[in-house]
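Listed below are the residues making up each chain.
Number of protein chains: 2
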Amino acid sequence: MKITSTANARVKEIVRMRDRRARIQTGLFLVEGFREIGRAIDHGIDIEELWVCPSMFLGSNETTLIERANATVLEATEPVFKKMAYRDRPEGLLAVCRQFDTSLDHLHVGAQRLVLVVESIEKPGNLGTMIRTATAASADAVIVADQTTDVFNPNVVRSSIGTLFTTPIAVASSDEAIAWLRVNGIAMAAATPEGDTDLWDAKLEAIVVGSEQYGLSERMLEAAEVKVRIPMPGSEEIDSLNAAQSASILLFEAVRQRMR
Amino acid sequence: MKITSTANARVKEIVRMRDRRARIQTGLFLVEGFREIGRAIDHGIDIEELWVCPSMFLGSNETTLIERANATVLEATEPVFKKMAYRDRPEGLLAVCRQFDTSLDHLHVGAQRLVLVVESIEKPGNLGTMIRTATAASADAVIVADQTTDVFNPNVVRSSIGTLFTTPIAVASSDEAIAWLRVNGIAMAAATPEGDTDLWDAKLEAIVVGSEQYGLSERMLEAAEVKVRIPMPGSEEIDSLNAAQSASILLFEAVRQRMR
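Protein chains in written order, with my numbering: chain A, 1 to 260; chain B, 1 to 260.
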């Protein structure tokens with residue numbers, strides 16, 4: 001079946017899925033792009049529908065991907081596809097997927113004993129980038145505490161380039177996150193400009209990063225075993241980093257500590 | 001004078017300044033926000049016009065800022081200001097500034113002997129974030145090689161939160177950048193997944209980072225004294241980092257080496 005009208009009801013439903021309310025109502029979310037859909041398939045994400053626009057394909061492996069998706073395939077014309085796509089340069093592949101379990105219960109602490117905890121992060125691009133960096137650092141999990149940005153936001157999926165599917169993710173309140181870390185004996189290192197320990201001297205297991213605007217909540221700071229600071233030699237000019245940059249610096253300091 | 005019409009010719013000119021062509025033609029660029037304009041004033045950026053919308057002010061220090069700007073002040077109604085503003089949440093302050101010197105000649109190598117060189121970075125948000133992180137790391141300069149994103153792009157200014165004015169910036173071809181580094185005796189450390197030296201073992205003076213999509217050019221890689229890699233324990237899942245994350249990790253490894 002080829003959809004040729006941008007007024008098609010299903011097309012409109014997919015456009016609405018950019019809004020959180022529609023994602024909550026349907027329990028679905030969107031994954032766009034070859035790499036991202038590939039990662040979703042590899043990690044057992046349930047794909048309900050796969051929209052394709054063959055004239056926009058960039059490579060020659062799309063056919064294999066489509067077969068592997070094991071989903072209802074719908075074809076769209078370019079104008080229809082562009083209406084649904086949220087990327088600047090669509091690749092002709094858009095999957096409608098079922099949201100997966102993001103409860104703390106399904107997390108396991110692995111060999112790295114490394115968890116990234118982010119609290120009240122607002123910008124989807126920042127959240128997705130942090131998930132991507134945590135994956136590169138081989139973190140056991142990412143806990144999204146006091147969620148303000150829905151992890152199924154298309155821009156989280158995009159900036160995570162699909163690592164949202166590969167690294168276990170949990171969404172919880174800050175209190176639940178603290179309780180889970182305690183039960184699992186994972187020490188919390190809270191990143192704050194008021195920290196008393198330089199990152200190079202801190203035991204980094206659960207790295208806890210807050211929003212750029214408000215920092216970490218009092219209860220996160222109080223619960224943390226260590227308050228970590230990133231010394232900034234340029235602090236006369238700028239005394240804070242973007243939250244995603246702080247997370248990257250801390251995650252790869254944890255990598256250094258484990259490898260050296 | 002209070003501008004009340006969104007059809008005002010000057011208002012339209014300011015909206016056009018979001019486009020690179022208009023910035024080149026006029027030699028001007030836009031700076032929005034209290035912090036950003038404050039940094040521009042502190043660092044002697046020439047402000048031609050300051051647009052204000054007092055009903056949108058967030059604080060009480062705007063009057064002092066306006067006096068310090070030493071510029072022609074124009075008042076706009078909220079609808080007019082919102083048309084010109086490029087932020088989601090405008091603060092009622094928008095400066096039209098004269099572009100400053102971005103030639104290599106005005107750079108000086110300081111005590112840190114730390115320079116960030118970025119080649120062919122496309123995304124304004126990434127470029128601005130990298131300038132911000134370089135400033136926090138107290139880098140002597142940022143060299144934008146083979147510029148694809150204009151450093152005067154409003155989103156570079158925004159994501160740099162005005163550190164574009166505090167850390168010396170040069171725009172040059174990659175060949176010019178290499179020549180300048182050689183003349184100044186600054187060793188180049190090129191970041192590449194094919195690097196043979198872990199960042200923790202590399203002398204980090206000029207940190208050279210390429211675009212995420214294409215990596216560094218052959219001539220940058222050949223000119224570098226050392227090819228640096230960031231080991232990624234999670235490389236089975238993801239084998240690259242966002243360019244801004246790589247730059248952050250390398251810059252703060254340079255900070256570690258200098259402080260420890």
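Worth double-checking, as some hints may not be accurate.
Which copy is meant is left open, so a pair is good if it fits within one copy or across any two.
To be verified - Below are the PhoX-like pairs computed for lysine-lysine, each with C-alpha atoms no more than 25 Å apart in a straight line:
no.	residue 1	residue 2
1	Lys227	Lys123
2	Lys83	Lys227
3	Lys123	Lys203
4	Lys2	Lys203
5	Lys203	Lys83
6	Lys227	Lys12
7	Lys227	Lys2
8	Lys83	Lys123
9	Lys123	Lys82
10	Lys12	Lys203
11	Lys123	Lys2
12	Lys82	Lys203
13	Lys227	Lys82
14	Lys83	Lys12
15	Lys12	Lys82
Hints in this document: simulated from the structure, not taken from any laboratory.
Right, here's what the structure says about each hint:
no.	hint	in the structure
1	Lys227 to Lys123	within (24 Å within a copy, 33 Å between copies)
2	Lys83 to Lys227	neither (47 Å within a copy, 43 Å between copies)
3	Lys123 to Lys203	neither (28 Å within a copy, 34 Å between copies)
4	Lys2 to Lys203	neither (56 Å within a copy, 57 Å between copies)
5	Lys203 to Lys83	neither (48 Å within a copy, 49 Å between copies)
6	Lys227 to Lys12	neither (47 Å within a copy, 49 Å between copies)
7	Lys227 to Lys2	neither (56 Å within a copy, 50 Å between copies)
8	Lys83 to Lys123	both (23 Å within a copy, 23 Å between copies)
9	Lys123 to Lys82	both (24 Å within a copy, 21 Å between copies)
10	Lys12 to Lys203	neither (49 Å within a copy, 54 Å between copies)
11	Lys123 to Lys2	neither (35 Å within a copy, 35 Å between copies)
12	Lys82 to Lys203	neither (48 Å within a copy, 47 Å between copies)
13	Lys227 to Lys82	neither (47 Å within a copy, 40 Å between copies)
14	Lys83 to Lys12	within (9 Å within a copy, 29 Å between copies)
15	Lys12 to Lys82	within (12 Å within a copy, 29 Å between copies)
Comparing the model with each numbered hint stated earlier shows that hints 2, 3, 4, 5, 6, 7, 10, 11, 12 and 13 do not hold.
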